[in-house]
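Place chain B on chain A using the hints.
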Amino acid sequence: MAATATRRLTRRKRTILALLTAALSATLFAIMLIRQASAPDINEAFPAGEIVVGVDASFPPFAFDDGRTARGLDIELASAIAAELGIPVRFENIGFYALYDALISGRVDLLISALRIDRARMDDVRYTQSYYDNGLVIVMPADAPETNIESLAEARIAFEYASSADTQVRAWGEAGRAIQRLPYELPKYALDALQLGLADAAIVDATTLRLYQRETMNSTSHFEYITSDPYAIAARIDRVDAWKLVDGALAALKERGEIARIIDDWL
Amino acid sequence: MKLKRKLLADLPRSRRVFAVAMFALAALGIALISPRPADDQVPLGEQQVVETAKPRVCVHTLLENEVREAKIKRSLELTRELGAATIVQFFPWAYYEPQPGRFSWDGADRIVRHAQRQGIRIIARLGLVPGWARPSSEAKPTTLNYLPPDSYEKFAHFAAAFAERYAEAIYAVIIWNEPNLSFEWGFRPVDPSAYTRLLRISYPRIKAANPTVKVLAGALAPTREKAGSGAGLNEFDYLSAMYQAGAREFFDALAMHTYGYHDAPSAEPDPERLNFRRAELLREIMLHHGDEHKPATITEFGWNDHPRWTGAVRPSQRSAYTVQAFEYAEKNWDWVDNLCLWALRYPADTLSYPDNFTLISADFTLKPIYFALQDYARGWARSEETWLPPPRAG
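Residue numbers (the working numbering), protein chains in the order written: chain A, 40 to 306; chain B, 14 to 407.
Simulated from the structure, these hints should not be mistaken for lab results. Remember, predicted model here, so these are calculated numbers, not experimental data. For glycine and all other residues, C-beta sits at the position ideal for the given N, C-alpha and C. Heads up, some of the hints might be wrong.
What the hints assert, rightly or not - Listed next, the stretches of chain A that the computed footprint assigns to chain B, with coverage defined by at least 3 CB atoms under 8 Å from CB atoms of chain B:
#, stretch
1, 151-157
2, 201-207
3, 210-224
4, 241-250
Same shape as in the complex, but just chain A (with noise of 0.2 Å):
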């Protein structure tokens, strides 16, 4: 009887604990949730009082040293998020091999350097959202009736020979799509056959496309994208405040269309 007692003591006891376990757990994961939804304070995010952006410039038009300064359209990105965030910004030029390094040791705050998003480094760093998509495009004349992969059967399409564009043709080719390959040496003779009328279609990179439209002064063709290839800008997975912050100074720039004139104005 005295035995049966202890054991149903016990038995409230266990049952107690477990609801204060559970409403610990509980009121640990709500703090969790209001910290997170409050808004990050930009003092503790960047606590030096500044924002240090880590770049490789080494890749115009993204990023270049003209030999005093870096420039680029990753500069200027940078410089806009600062100043959305009302903080100064630095840059410290670093090889790309180092990029990530200097991120993970606390050398920089970001990199902001055509980063495409590595799934591979997610156990340390934390990514933004996309403000650039290098991906492939197929371009195409802009009278073309169909604009999309699929009226492509048959059709002539250029590419710069050996390039990223060649190994999806022949990628397209091996999967039985009958296909007239045409390469040329550079990119820009694959968009010139386009203009000429010597290509059904023309895959380079969006970059290229931009540069090209840029400096002929026709943006008269169609494209889609046929691969992403999405630019992001990297926080250390730990500093979840800065990553907010940029984050949503991001999104701000593009709901504003200000990423959309950086990348106008680059390329």
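For chain B alone, kept in the frame of chain A given last:
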């Protein structure tokens, strides 16, 4: 099953829980100690021979960090099919001697056995210092390239053990990589005399363990850095200093790195310009020091074709320059025994310009340059057009 249920039902509740827990633990233990259906079940396949018309064609592989053995095999099959009879492959000391004198060769074994089965010989690059051979991290944080002088003997011991174990498979060993860069010398000022001491200690130990293996020195990075630079020292001054320190007796061939950057392979060498024929300036230093009988091995060279990196050329140029470089060497460099292209494939894409040094992408897509080089190495006529002339109106 019914019997088991009955047995359990006969037990008091607490014992039932205990019995089930014990059963689960036992099952887990059996699962853990049972032989895993691991990668080492990848069959080696039949003995192969590299069919090549150009036996000096070699590629640098990066198999040391490849997790899956099947990918090692596939990489080496593609090397064989390319027509490359030799590879340069990194064998990191830190991976294979985790504790002093206790070797763990599994990772190296699987690379070597597949290379042998594909008929490919190996030039082994040795480096990367285990933690126990570096100062303790409390005393002094160091990188994996930091080899303190009191560990030169330890490195030599490892190099000798490696050379002995793989005597049948390796053609040469390279002592260290790019010691003329501060980064590769453990972020210390570069020191040709210290590197020469490393050669002096390693050479006789390796030769005693494997008298036929060639010991390659140098593998110096092409750079214009002047004396006093924090980043390193140009390869000419460094090599001269090595000779002055007495390195001549302690290597059988000089390993050279000679990237093309923007220049065609035929571009004249110039100490102030980084290009392919810069190797000829290193050769002049060898001749000056009486080493005309020693060959050189180009253990890294190549061009990059990233669309926007400032050190790159166009893909068409990369493809043409690479083949032309082999042709140039064939015609003019009888002192070069192998030209090893950087690089066959990375285990994972870097998602930036380094990917544009490779012949094969991480997902094993063969790039057009692979086929261009294959045509050259196998002695085949080009199987397809390269590129069309620029388009013209009308």
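message = Verify this for me: three or more residues of the stretch 210-224 of chain A with a beta carbon less than 8 Å from a beta carbon of chain B.
response = That given contact holds, which follows from 5 residues of the stretch 210-224 of chain A lying within Cβ reach (below 8 Å) of chain B.
Annotated coverage of the stretch 201-207 of chain A by chain B, confirmed only when three residues or more have a Cβ within 8 Å = holds (count 4)
key: Coverage criterion applied to the stretch 151-157 of chain A (partner chain B; beta-carbon cut 8 Å; 3 residues)   = With 5 residues closer than 8 Å to chain B, the stretch 151-157 of chain A meets the three-residue bar; holds.
Coverage criterion applied to the stretch 241-250 of chain A (partner chain B; beta-carbon cut 8 Å; 3 residues) = Per the Cβ count (3), the hint holds.
In this structure, every one of the numbered hints holds.
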